[in-house]
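J.: Chains as they are written, first to last, in our numbering: chain A, 16 to 128; chain B, 275 to 388.
Keep in mind that a hint or two might mislead.
What the hints assert, rightly or not - Reference listing, derived: stretches of chain A covered by chain B, where coverage requires no fewer than 3 residues with Cβ under 8 angstroms from a Cβ of chain B:
| hint | region |
| --- | --- |
| 1 | 56-69 |
| 2 | 116-128 |
Said to hold, decoys possible - The calculated lysine to aspartate or glutamate pairs, modelled on DMTMM-like cross-linking and capped at a C-alpha distance of 20 angstroms, are:
| hint | chain 1 | residue 1 | chain 2 | residue 2 |
| --- | --- | --- | --- | --- |
| 3 | A | Lys16 | A | Asp54 |
| 4 | A | Lys123 | A | Glu18 |
| 5 | A | Lys115 | B | Glu288 |
| 6 | A | Lys115 | B | Asp292 |
| 7 | A | Lys83 | A | Glu71 |
| 8 | B | Lys331 | B | Asp298 |
| 9 | A | Lys115 | B | Asp375 |
| 10 | A | Lys57 | B | Glu318 |
| 11 | A | Lys16 | B | Asp330 |
| 12 | A | Lys123 | B | Glu318 |
| 13 | A | Lys123 | A | Asp99 |
| 14 | B | Lys331 | B | Glu346 |
| 15 | A | Lys57 | B | Asp330 |
| 16 | A | Lys57 | A | Glu18 |
| 17 | A | Lys115 | A | Glu18 |
| 18 | B | Lys331 | B | Glu342 |
| 19 | A | Lys115 | B | Asp330 |
| 20 | B | Lys285 | B | Asp375 |
| 21 | B | Lys289 | B | Glu359 |
| 22 | A | Lys123 | A | Asp54 |
| 23 | A | Lys16 | B | Glu318 |
If you are wondering where the hints come from, they were derived from the structure by calculation, not from laboratory data.
Note that beta-carbon positions come from the ideal geometry of N, C-alpha and C, so glycine has one too.
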Amino acid sequence: KQEVTQIPAALSVPEGENLVLNCSFTDSAIYNLQWFRQDPGKGLTSLLLIQSSQREQTSGRLNASLDKSSGRSTLYIAASQPGDSATYLCAVRPAGGYQKVTFGIGTKLQVIP
Amino acid sequence: GAGVSQSPSNKVTEKGKDVELRCDPISGHTALYWYRQRLGQGLEFLIYFQGNSAPDKSGLPSDRFSAERTGESVSTLTIQRTQQEDSAVYLCASSSRTGVDTQYFGPGTRLTVL
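Given these sequences and hints, build the entire structure.
T.: Right, dumping it as structure tokens:
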């Protein structure tokens, strides 16, 4: 059974700082990995999706890496802004069962102005 | 077009009552997912629909839970004889192709069972 762990559970940083969020998964047989953000009272917004054959994806100030063999992914946020404050979720889609995505509990990020 | 919509946004019910939650996916999306998010926990997969194929119901926690979808349109999640442990946010997502494209999530329905 796939297990997804996110560290840290919560993070508070001053505005402008670069930061890294971590995601680890136990079963390396994945199809893809996706990072989402969730704002309070709202659904999830997709940030980056990395296919199993890829090493990283970039979008603006966000960069996500994937090391499938070690079961790890990181989300790097450059020059953090107060608007980045949200909960960041990592989700892993298995190679064999496309529909059963496993989510981590998330990292709650607060960027202090 | 519009994103995924869900209704109601909030539902408070008494233990033992039935509730029905609705999800309107993005037009043209063939895949639809239901998830449950309990307070402080990760998203739990409940059920998956892909076009006219038989749904994957393996995530439904008990026979009190059921879901329907007609073709590639609206889906309803029904919880019968609600229990307090059913209190959670129920999220719906749709995608254009299973296993390949990203999931687009609705805002969720917050269910509170008193």
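J.: Against this structure, judge whether each hint is valid.
T.: Hint by hint, here is what the structure shows:
Counting residues of the region 56-69 of chain A whose CB lies closer than 8 angstroms to any CB of chain B gives 7, which reaches the minimum of 3, so the coverage claim holds. Coverage of the region 116-128 of chain A by chain B holds in this model, with 6 residues showing a Cβ closer than 8 angstroms to a Cβ of that chain against a need of three. The straight-line distance between the Cα atoms of Lys16(A) and Asp54(A) is roughly 28 angstroms, outside the 20 angstroms bound, and the hint therefore fails. With a CA separation close to 19 angstroms, the supplied pair Lys123(A) and Glu18(A) stays within the 20 angstroms bound.
The hinted pair formed by Lys115(A) and Glu288(B) fails the criterion: a straight-line CA distance of about 31 angstroms is larger than 20 angstroms. Restraint check for Lys115(A) and Asp292(B): the C-alpha separation of about 26 angstroms exceeds 20 angstroms, so the hint is violated. At most 20 angstroms may separate the alpha-carbon atoms for a hinted pair to count; Lys83(A) and Glu71(A) meet this at roughly 11 angstroms. Distance check on the hinted pair: Lys331(B) and Asp298(B) sit about 19 angstroms apart at the alpha-carbon level, within 20 angstroms; holds.
With a C-alpha separation of about 14 angstroms, the suggested pair Lys115(A) and Asp375(B) falls inside the 20 angstroms cut-off, and the hint holds. Proximity of Lys57(A) to Glu318(B) is assessed by CA-CA distance (about 16 angstroms); at most 20 angstroms being required, the pair is judged to hold. Annotation: proposed proximity of Lys16(A) to Asp330(B) holds, straight-line Cα distance about 17 angstroms (limit 20 angstroms). Annotation: proposed proximity of Lys123(A) to Glu318(B) holds, straight-line Cα distance about 18 angstroms (limit 20 angstroms).
At roughly 10 angstroms between alpha-carbon atoms, Lys123(A) and Asp99(A) fall within 20 angstroms of each other, so this suggested pair holds. This hinted pair checks out: Lys331(B) and Glu346(B) have alpha carbons roughly 17 angstroms apart, not beyond 20 angstroms. Among the hinted pairs, Lys57(A) with Asp330(B) is inconsistent with the structure: their alpha-carbon atoms are about 25 angstroms apart, more than 20 angstroms. Proposed proximity of Lys57(A) and Glu18(A) is contradicted: the alpha carbons are some 24 angstroms apart, above 20 angstroms.
Taking the CA atoms of Lys115(A) and Glu18(A), the gap is about 12 angstroms. The hint holds against a cut of 20 angstroms. With a CA separation close to 11 angstroms, the supplied pair Lys331(B) and Glu342(B) stays within the 20 angstroms bound. The straight-line distance between the Cα atoms of Lys115(A) and Asp330(B) is roughly 9 angstroms, inside the 20 angstroms bound, and the hint therefore holds. Distance hint between Lys285(B) and Asp375(B) is unfulfilled; the C-alpha atoms sit about 31 angstroms from each other, more than 20 angstroms.
For the suggested pair Lys289(B) and Glu359(B), the alpha carbons sit about 10 angstroms apart, so the restraint of at most 20 angstroms is met. Under the criterion of a C-alpha separation no larger than 20 angstroms, the hint pairing Lys123(A) with Asp54(A) is consistent with the structure, at around 10 angstroms. Under the criterion of a C-alpha separation no larger than 20 angstroms, the hint pairing Lys16(A) with Glu318(B) is consistent with the structure, at around 13 angstroms.
In terms of the numbered hints stated before, the structure departs from hints 3, 5, 6, 15, 16 and 20, listed from lowest to highest.
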